[in-house]
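Chemist: Full structure from sequences and hints, please.
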Amino acid sequence: MKVLVPVKRVVDYNVKVRVKSDGTGVDIANVKMSMNPFDEIAIEEAVRLKEKGVVAEVIAVSCGVTQCQETLRTAMAIGADRAILVETDAELQPLAVAKLLKALVDKEQPQLIILGKQAIDDDCNQTGQMLAALTGLPQGTFASKLEVADGKVTVTREVDGGLERVSLSLPAVITTDLRLNEPRYVTLPNIMKAKKKPLDVVKPADLGVDVAARIKTLKVEEPPKRSAGIKVADVAMLVDKLKNEAKVI
Amino acid sequence: MTALVIAEHDNASIKGATLNTVTAAAAAGGDVHVLVAGHNAGGAAAAAAQIAGVSKVLHADAAQLAEGLAENVAAQIVALASSYSHIVLPATAAGKNIGPRVAALLDVAQLSEVSKVISADTFERPIYAGNAIATVQSLDAIKVLTVRTTGFDAAAATGGSAAIETLAAAVDSGKSSFIGREIAKNDRPELTAAKVIVAGGRALGSSEKFNEVLTPLADKLGAALGASRAAVDAGYAPNDWQVGQTGKIVAPQLYFAVGISGAIQHLAGMKDSKVIVAINKDAEAPIFSVADYGLEADLFAAVPELVNAL
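Protein chains in written order, with my numbering: chain A, 1 to 249; chain B, 1 to 310.
Derived by calculation from the structure, the hints in this document are not laboratory data.
The structure displayed is predicted, hence computed values, not measured ones.
Warning: the hint list may mix true and false statements.
[To be verified] With the C-beta cut set under 8 angstroms, the calculated list includes, among others, these residues of chain B facing chain A: (1) K116; (2) S119; (3) Q253; (4) S289.
Using N, Cα and C, we set each Cβ at its ideal position, and we do this for glycine too.
Modeler: And the structure:
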């Protein structure tokens, strides 16, 4: 069976972004871009399923600018067999991405679609659930364990207060939580191999999808700064401050 | 304009996050109705009817709604949606699971983790782990929102007397089934609702030390226990204790960060706490830049001393 893994190119995890002075967004010119960490976990899981013989082919997909090809090459260096870029310079919101992915799901007919639960730039946590809705498939979000057997996938989900297990009929949409796996480091030979793997480029119009934004960003600001307080000399002073100044204990 | 709040509940009672969600919905949409979709959930529906500011409770009861499966609950919500200007869910694991499914079925966008309501169609939400706040306007006819409970006061749990209307339940999708749940049982308050939180980081060194050092302090203060990602990754604390961008977002009255350096992803989850205390032996730890009271000390000596002093 096939697995489709959508991946997003985002500002690297370690970059502290700055809000632009004109309030139109954050400054991402000349900052390091990487694959969204949750999507790396998604690719890793798909590749492990392939290594176990459960899956025959892993297809990575990205939606966005030309440079997303780099992200797709990384996905193929981890072990994806081929990649598809839906290329556009338009600002893509989760609903538009879900519609693009639905068009690819219709075409490729994967049995599993594994996505990161959330992108660390817009922090939306929507695309997987939306894709499941549009395709009419069941969803297993925030997964910390997957077991595929007999036309079903059993998903252990991270929920408030603990874990939950659900059984979904295939095909199904999965979104990954942090502890599903630890992605491998990509090695130089695999990076070289990835350069030779097929990467198709299509446009949203080819897929018949309108990607118009439904949410308008009016402004982007710095959050209110929390200023540092004081250093206390010892535990006695801390207790005194909490009791008599902050009055919280 | 009427907003529909999707109640978070355990069939017997309403979870606290629902109360904050009612406040957000009232600010966005005027009249507030609450949907209780569950099984044998008469208790939860009755509790919802008592929430101050709620004018109607819609109660759908069926076995396929018992465990909050996204496929079935979303179908239930979509069947009602055309009567509402807003559909509002708490940004909890359950709300985040269901909300986007509803939005896509309605062909509308979702606004995630709304932290402030500006007007019926304009909202604030944090992006980039809270390093920027975006003001966004929805262009859709129905606004689907998940709201950050820390951004809104809880509505009073009593004082209301809404009518309860029984609905026909949405049919089972047949594509998903619930197997089981392992929820840690303890007497501590829930992390996202606690007034005091004691959180530990990698400096605790082991799961034994984490418990041995932090539990007495949490017991003394009636606090919930939390952890940094590093501590969870190292196996010192369970996954659902993680406070931060991709874990729990908390805003207690008092937050103790013990042996936590203060990565931006952690700060994103706790910097709206009223009073922050940091205990760390590294004077340069970023956590001190947001702490009201910083104690530069060895936590293994300072925390037991603190427990004795309280």
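Chemist: Are the hints correct? Go through all of them and say.
Modeler: Hint by hint, here is what the structure shows:
no., hint, in the structure
1, K116, "violated (11 angstroms)"
2, S119, "violated (11 angstroms)"
3, Q253, "holds (5 angstroms)"
4, S289, "holds (5 angstroms)"
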